[in-house]
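Visitor: Residues per chain, in single letters:
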Amino acid sequence: MPHQLGITIRAPVAAGRVADLRDWLEQIARKGLAEGLFDFTHLRGLHFAKFYLLDETADLDGQRIPATLVFMSEVDAPLRRHLAELIDLAGEGIDQAFGHCTGYPGPGAQRRSRIAWLRRHMIPARAFYVNTVGRGLEQIRQEARLRDALEDYLDQGDWADHTAIAIRRELRTYVAGCPSLAWARKPPPTPSLRFRAGEAVHMVAVPLVLTLLLPVLLLVLPAWAMLLRLDERHDQPFTERPTLRHLEEVGNYEDSATQNPFAVAGFVRPGRLRQLTFRAVLFLTDYGVRHIFNHDSLAGIKTIHFARWVPLDGWRRMTFASNYDGAVEAYNDDFINLIWWGLNATFSNGMDYPPTRWLFLGGAKLEEQFKNTIRCHQVAVPAWYTAYPELSADNIENNAQIRAGLRGDMSPAQAERWLSLL
Amino acid sequence: MAIKLDLDDIQGLIARGYRTLPHARFTIFTAQDPADAHALLSWLLPRVTPAGTFAGDSALHVAYTAAGLRRLGLPESVIAGFSAQFRSGMTGPNRSRFLGDVGESDPHCWAWGGPQEPPVDGLILLYASTLEVLEARRAELASHLAGLAIRQVTVLDTLELGNNEPFGFHDGISQPIIQGLPKASGAAPAGTAGGRVVPAGEFVLGYPNAYGQLTDRPLLPVAGDPRRLLPRDPAGSGAADLGRNGCYLVMRQLEQDVDAFWSYAGQATRRPDGSDDPGARTALAAKMVGRWPSGAPLVETPDRDDPLLGDDNDFGYYQTDPLGLACPLGAHIRRMNPRDSLDPQPGTDASLAVNDGHRLLRRGRSYGPGEGTPAAAGPAAAGNNGHAERLARGDVAPASGTGLHFICLVASLIRQFEFVQHTWLNNPTFHGLYDDTDPLTGSRHARGATFTVPASPVRRRYRDLPQFVRTRGGAYFFLPGISALRYLDQLPASARSASSPSSVTR
Chain B
1 MPHQLGITIR
11 APVAAGRVAD
21 LRDWLEQIAR
31 KGLAEGLFDF
41 THLRGLHFAK
51 FYLLDETADL
61 DGQRIPATLV
71 FMSEVDAPLR
81 RHLAELIDLA
91 GEGIDQAFGH
101 CTGYPGPGAQ
111 RRSRIAWLRR
121 HMIPARAFYV
131 NTVGRGLEQI
141 RQEARLRDAL
151 EDYLDQGDWA
161 DHTAIAIRRE
171 LRTYVAGCPS
181 LAWARKPPPT
191 PSLRFRAGEA
201 VHMVAVPLVL
211 TLLLPVLLLV
221 LPAWAMLLRL
231 DERHDQPFTE
241 RPTLRHLEEV
251 GNYEDSATQN
261 PFAVAGFVRP
271 GRLRQLTFRA
281 VLFLTDYGVR
291 HIFNHDSLAG
301 IKTIHFARWV
311 PLDGWRRMTF
321 ASNYDGAVEA
331 YNDDFINLIW
341 WGLNATFSNG
351 MDYPPTRWLF
361 LGGAKLEEQF
371 KNTIRCHQVA
381 VPAWYTAYPE
391 LSADNIENNA
401 QIRAGLRGDM
411 SPAQAERWLS
421 LL
Chain A
1001 MAIKLDLDDI
1011 QGLIARGYRT
1021 LPHARFTIFT
1031 AQDPADAHAL
1041 LSWLLPRVTP
1051 AGTFAGDSAL
1061 HVAYTAAGLR
1071 RLGLPESVIA
1081 GFSAQFRSGM
1091 TGPNRSRFLG
1101 DVGESDPHCW
1111 AWGGPQEPPV
1121 DGLILLYAST
1131 LEVLEARRAE
1141 LASHLAGLAI
1151 RQVTVLDTLE
1161 LGNNEPFGFH
1171 DGISQPIIQG
1181 LPKASGAAPA
1191 GTAGGRVVPA
1201 GEFVLGYPNA
1211 YGQLTDRPLL
1221 PVAGDPRRLL
1231 PRDPAGSGAA
1241 DLGRNGCYLV
1251 MRQLEQDVDA
1261 FWSYAGQATR
1271 RPDGSDDPGA
1281 RTALAAKMVG
1291 RWPSGAPLVE
1301 TPDRDDPLLG
1311 DDNDFGYYQT
1321 DPLGLACPLG
1331 AHIRRMNPRD
1341 SLDPQPGTDA
1351 SLAVNDGHRL
1361 LRRGRSYGPG
1371 EGTPAAAGPA
1381 AAGNNGHAER
1391 LARGDVAPAS
1401 GTGLHFICLV
1411 ASLIRQFEFV
1421 QHTWLNNPTF
1431 HGLYDDTDPL
1441 TGSRHARGAT
1451 FTVPASPVRR
1461 RYRDLPQFVR
1471 TRGGAYFFLP
1481 GISALRYLDQ
1491 LPASARSASS
1501 PSSVTR
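The listed protein sequences derive, respectively, from chains B and A.
Just so we're aligned: 184 in my numbering is position 184 of the first sequence, and the numbers increase by one with no gaps anywhere.
Just so we're aligned: 1271 in my numbering is position 271 of the second sequence, and the numbers increase by one with no gaps anywhere.
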């Protein structure tokens, strides 16, 4: 099974086309991305995708930043296949979307030049969280079908007089007799050897380099901490509240499936101290999500399918985007209750964040200030695609455990536990 | 943490549900003219019952919508300090989708409060010890209203308060105990899952909430309160605090299809020969609720009703029933209040602390024609399942137009009421489920028509569950403190001075 990629393509909107683009996004919001122009259902390995518009703005020095269109997809590797399919299968939609942007070659242009344009406008995420690394779309879909089949089979029988072991045996026999479920008797394939080797090297190399740098870090860190604390003393409470109009605009595209799309954008605080801190924290976040929080949970939060942190405009700005289960209120509560420390370390380097202490304390713990700043900086995501609108991350993990439980021997207690997954 | 609530300023409904005043009537009104709105408030004000010691034979409360506050002349800059949900109301398309008010519960079909119905300014809640007292208070109010251009949008009568809700189950057992009220001092330590003391700020604005902070509420510069009627912001900003000692009041008219509920339970539990199995029928209904008709919790007595446990509320889920074998994971009471089942550390105080942020103080009353509904059976029906059995057997015809005038009091509409409604009750994937909304109250629009009953060795799935509860009306109100009511009452005199400076919120 391939590993997952977070693709971000961003392009400036052509002069005078912002209003058109807004209208077009509104139309697409109604039609969706699954069928029709985009036909994303048929793109291989595509889990989620979204388009959103970042309005024209001025940076902290007053310098103009033009409006840009952002496209994000969470997709199984390889990248080359995905970019090709964006043009080959979703070309009509992609042409219309980026047709609003400066320099897009347009539908008349050659396939190769359109793919090259997309590739040129890709920007990297500095950290990309995948709920479970290596669990591809095909596996998610197959395991959902397996669960449905087993549930239906159980519905048809009367199991009151059976032991858990006997029921499990019968379910295994049933699966063995279904050619369409033959794959379920084997473990899911793992990501490529090359990918795993690269990750293993990264996992070892980063702590190694940090250990070598330890003498320097021990000298620098106390000074950095003091400077940061001094800087934090200028923090002001965030007193703004989102307008009803903004809440309405963002809310128009929320709460129609098990998952929701999420996107925020904001400026990074000026000055070298914060720039450096931000980069260092994202570097560590990247390490954390690749090697520690890479199966089923982001430090205790089990509702996030994918998330990414993407610096914009030469690190002057940042966008964070995700696909998560449930409502934004619950999502924010999870942030506050479970990973306030991680949120604070990252987002306190941005403008308008509630005051922190020693980078990790305070901040998100100031509940309403935190929720207000998130809502104020949230960007509407009018066009969004999910390949599995009815599955929570919890469901997907449960399905994987159901499949895993088809293999090997089990004690009666283990069999009983396994049956409770159904 | 010791906390002193200003009981003389808090409306009594926060402190008590008036079990001694079993008769109630709720009047929803709109005023055509601000002068009449003021005349009504001036008349109501001395009659509003505070939260201090109470021994009367009647009580009166008043709450306002954002429109009602505008009508009284509260400037937009101050209204902006109320929560977004209060200001935008309950009936916009985004709210309806969020709250599950779709299909038959769509606000366009509501009897009151919907977009096609007359606007709602406020709500008068009248409670009385006997029908005669209620009638006397009602007549007083009616004669006063008759002289004013006040339209009674709807008058919601209630059934005499019994122990049972219309489906026949003992109700109202689990309530958060509010820190600072006399009841809290005798309550169990904060660590238990049942009688847990919840920070006052979860239900009364202007006091620390579950996060130890003051929930956003409307504050205004002191210049906006020249007569110094309002309490000051306890955070020390010096601002006048219009929110303090008040809270939000959610009102929803929830129609319960008692016949469909018991018919479904009966059909789903028929014996193979097609005959009724009354025991299995009641057991399935109890699985949906999470308690037996007497109120006895399934986690304490999974196999049979035990009226002795009818008021039992001292239990958790994680240690005794993590898989839902006794009380299904999707049962109504397990969704309304998951107690210690929440991540990240179920079974611990940390889990209960997360739960604390999503509690509702329920103050609803049943309604119906009075024939055949369990509440009409009155206290006599308490403590046994006789009425549920009679309903199930069809001995008592379930009344049409029966249900609950659901009322809950909260400090945060979004984190408490809306969260519980969306993320717990109507969420098909709650607690690892796939396609189950609340079996009792859930919306079945598009998804959620499954009810999973965990069992050993194998769960039982009930498919195609009908929808048993429909929303027929509703609105978000603000239940102000009594000082705030006084401030609103004299508003025209100072509205101009309050409207100039922008409000401060914190």
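Incorrect hints may appear among the rest.
[To be verified] Some chain B residues near chain A, calculated using beta-carbon distances under 8 Å:
| hint | residue |
| --- | --- |
| 1 | Leu228 |
| 2 | Leu230 |
| 3 | Glu232 |
| 4 | Asp255 |
| 5 | Glu329 |
| 6 | Leu338 |
Calculated directly from the structure, the hints in this document are not laboratory data.
Where a beta carbon is used, it is the ideal one built from N, C-alpha and C, also for glycine.
Visitor: Each hint: holds or not?
Guide: Taking the hints in turn, this is what the structure says about them:
With its C-beta approaching chain A no nearer than about 24 Å, Leu228/B sits outside the 8 Å limit, and its interface hint is violated. The beta carbon of Leu230/B comes no nearer than 25 Å to any beta carbon in chain A, farther than 8 Å, and the hint placing it at the interface is violated. Taking 8 Å as the C-beta cut-off, the interface hint given for Glu232/B is violated, the closest approach to chain A being about 19 Å. At a threshold of 8 Å, the smallest CB-CB gap from Asp255/B to chain A is about 5 Å, leaving the interface hint in force.
Restraint check, Glu329/B versus chain A: the minimum CB separation of about 5 Å is within 8 Å; hint holds. Given hint, Leu338/B at the interface with chain A, holds; its Cβ is 6 Å from that chain's nearest Cβ, closer than 8 Å.
In this structure, the earlier hints numbered 1, 2, 3 are contradicted, and the remaining ones agree with it.
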